[in-house]
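*Asks:* Listed below are the residues making up each chain.
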Amino acid sequence: MRLPSFNYLEPITLTDALNLMEEYHGRAQPLAGGTELLPRMKLGLTHPTYLMSLKEIHELKGIKSNKNELYIGGMTSLREIFLSTLLQQKFLAISEAAGSVAAPPLRNMGTIAGNLCQDTRCFFYNQSYFWRRGLKPCFKAGGNVCYAVPGSKKCFSVYQGDLAPALIAFNAKVRIEKKGSSRIIPIEELFSGKGEKPIVIADDELLTQVIVPIPEGIYGSSYRKFRLRNALDYPLVSAAAFLAIDSEKKVKSVKVVLGAAGPAPVIVKEAEDILKGKKVEESAINEIAEAAYKRAQMVDNLGLPASYRKKMVRVFTKRAIENAFNSIK
Amino acid sequence: MKIRFILNGETKVIDVEADRRVIDVIREDLGLTGTKEACGRGECGSCTILVDGSPKLSCLMLAAQLEGREIITIEGIKKDSDMHPIQEAFIKHGAVQCGFCTPGMVLVSFDLLKRNKKPSRDEIREAISGNLCRCTGYQKIVDAIEAAAKREL
Ligand SMILES: Cc1cc2nc3c(=O)[nH]c(=O)nc-3n(C[C@H](O)[C@H](O)[C@H](O)COP(=O)(O)OP(=O)(O)OC[C@H]3O[C@@H](n4cnc5c(N)ncnc54)[C@H](O)[C@@H]3O)c2cc1C
Ligand code: SF4
Ligand code: FES
Ligand code: FES
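Listed in order, the protein sequences are those of chains A and B. For the first sequence, counting from 1, position 44 maps to 44 in our numbering; every step adds exactly one. For the second sequence, counting from 1, position 110 maps to 110 in our numbering; every step adds exactly one.
In short, the hints are calculated from the structure, not lab data. What you are looking at is a predicted structure, and each value in this text was computed from that prediction instead of being measured. C-beta atoms are modelled at their ideal positions from N, C-alpha and C, and glycine is treated no differently. Be aware that a few hints might be false.
Unchecked claim - Computed beta-carbon distance windows for the label pairs:
1) 83(A) to 82(B): 16 to 24 Å
2) 61(A) to 150(B): 45 to 53 Å
3) 4(B) to 270(A): 28 to 36 Å
4) 114(B) to 67(A): 45 to 53 Å
5) 150(B) to 253(A): 45 to 53 Å
6) 75(B) to 249(A): 57 to 65 Å
7) 28(B) to 230(A): 46 to 54 Å
8) 92(B) to 229(A): 43 to 51 Å
Claimed, not checked - Here are a few chain A residues that sit away from chain B, every Cβ distance over 12 Å (derived from the structure):
9) 126
10) 137
11) 145
12) 214
13) 231
14) 274
15) 294
16) 315
This is chain A alone, in the form it adopts within the complex:
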């Protein structure tokens, strides 16, 4: 499968990259590891005129930290995030999420920015041009039908990125830059919740850094991912959990976030009310799992039936919370 033609740009500093994005009026599409964008280009789902590789911009790579925060450059590879001892010790769920993406060669290539900014997916959309040619374009392809939910008025494609749920569980933020300005937003604000255009980042902006506050006190975290094969597969459901406790083992704060449960990561807001100030007990975990089940929005557009995936939300929510608790040292 060849690629459609495009022009190639390769800035070597962030300033050059931001200048190019402005100069090309948003038509210069960032290329990080290419592991998500190039397959979409091959299927003819997107046709960038200019691809701007970020590979040579060294200032966007690497993991740093100070007393309060962890900084991950947008071009840091998933392999580096997975293997970082700092992350394994203090941000287990993030390391687990990075280590669960695809397979080793893809983790050597794929980056955190590319992972966050990946498009939503659907069985009726992520197909070859030949396959799709027989059908009228659906909402996501600019048309006005949906094949997953006939009669619906919107797109239900699924956000299957692994990193976002784990990062949101840690209240992480992202730095977004364009020529002459920079803003920092909570990661959940990166997602529109709309399958048609799931990522809220302008054509002339770059995601340059992920910022994770270092939690205080005693805490644990975990990322659990449901898929058919233990390698290569995107999540069919996933859950990230963060849990901080006090010296009496009562919960000080908790955050549970679902992946592959809608067009954006889903925060299970009930978790805090259910567990805060209490001990981690099975009944409370079940209650959160039930709330997660209700929040998950699934339709028949991925590898397994929606009803089954939805049932798995309970199972993986429980596992994530239990593992987060057990990871507390």
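Got chain A; can you put chain B with the ligands on it based on the hints?
*Replies:* For chain B with the ligands alone, coordinates are given in the frame of chain A:
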């Protein structure tokens, strides 16, 4: 555009179109057909090459991204004119049937054994988890890599 890189120890300077993929450059322009393309979309690992020492998929890389890199393909791992011990172990243990996945399997094992001289069977499975084989059922591939690791010690 002109790119310069090291391929199996030799410096290459070639003229390529930006939209050509690395697998096309290696197989067609440079005539090294050991690297195989199967899925063409990152799902099988048969097109694996080593880029600055780590396994990457040549079907998802642009030729322009070879600039300044050091590439090793399956043709580049032999020692002098002999086969690499991993290749010998693959033959001896029946880890090759149709052979399409073999170059990728051998290269990821090469990388694994460089990082980890004594991998467990689970670590071997993890290392080859991005490489699909439709013939062998994987057991013999894991046997071969395990044997190669012991021999190298
Ligand atoms: C076989 C296979 C299996 C996969 N399995 C998984 C999986 O299990 N879980 C998962 O999460 N992903 C999976 N992926 C998708 C992908 O490999 C990863 O998400 C990877 O992290 C994407 O990063 P990248 O650097 O390769 O992104 P790219 O492909 O380079 O970019 C992805 C998107 O992000 C944009 N982008 C990149 N960098 C920036 C930036 N700095 N600022 C703004 N926009 C930017 C690009 O323009 C593009 O739209 C899989 C892919 C394949 C081929
Ligand atoms: S959910 Fe419907 S509109 Fe969205 S990509 Fe799938 S078929 Fe298209
Ligand atoms: S051909 Fe590259 S991964 Fe399958
Ligand atoms: S030997 Fe045929 S695919 Fe592995």
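*Asks:* With reference to the structure, classify each hint as holding or not holding.
*Replies:* Evaluated hints:
{"no.": "1", "hint": "83(A) to 82(B): 16 to 24 Å", "in the structure": "violated, 33 Å"}
{"no.": "2", "hint": "61(A) to 150(B): 45 to 53 Å", "in the structure": "violated, 37 Å"}
{"no.": "3", "hint": "4(B) to 270(A): 28 to 36 Å", "in the structure": "violated, 58 Å"}
{"no.": "4", "hint": "114(B) to 67(A): 45 to 53 Å", "in the structure": "violated, 37 Å"}
{"no.": "5", "hint": "150(B) to 253(A): 45 to 53 Å", "in the structure": "holds, 49 Å"}
{"no.": "6", "hint": "75(B) to 249(A): 57 to 65 Å", "in the structure": "holds, 59 Å"}
{"no.": "7", "hint": "28(B) to 230(A): 46 to 54 Å", "in the structure": "violated, 35 Å"}
{"no.": "8", "hint": "92(B) to 229(A): 43 to 51 Å", "in the structure": "violated, 29 Å"}
{"no.": "9", "hint": "126", "in the structure": "violated, 10 Å"}
{"no.": "10", "hint": "137", "in the structure": "holds, 21 Å"}
{"no.": "11", "hint": "145", "in the structure": "holds, 26 Å"}
{"no.": "12", "hint": "214", "in the structure": "holds, 29 Å"}
{"no.": "13", "hint": "231", "in the structure": "violated, 3 Å"}
{"no.": "14", "hint": "274", "in the structure": "holds, 36 Å"}
{"no.": "15", "hint": "294", "in the structure": "holds, 34 Å"}
{"no.": "16", "hint": "315", "in the structure": "holds, 23 Å"}
In summary, the numbered hints that this structure violates are 1, 2, 3, 4, 7, 8, 9, 13.
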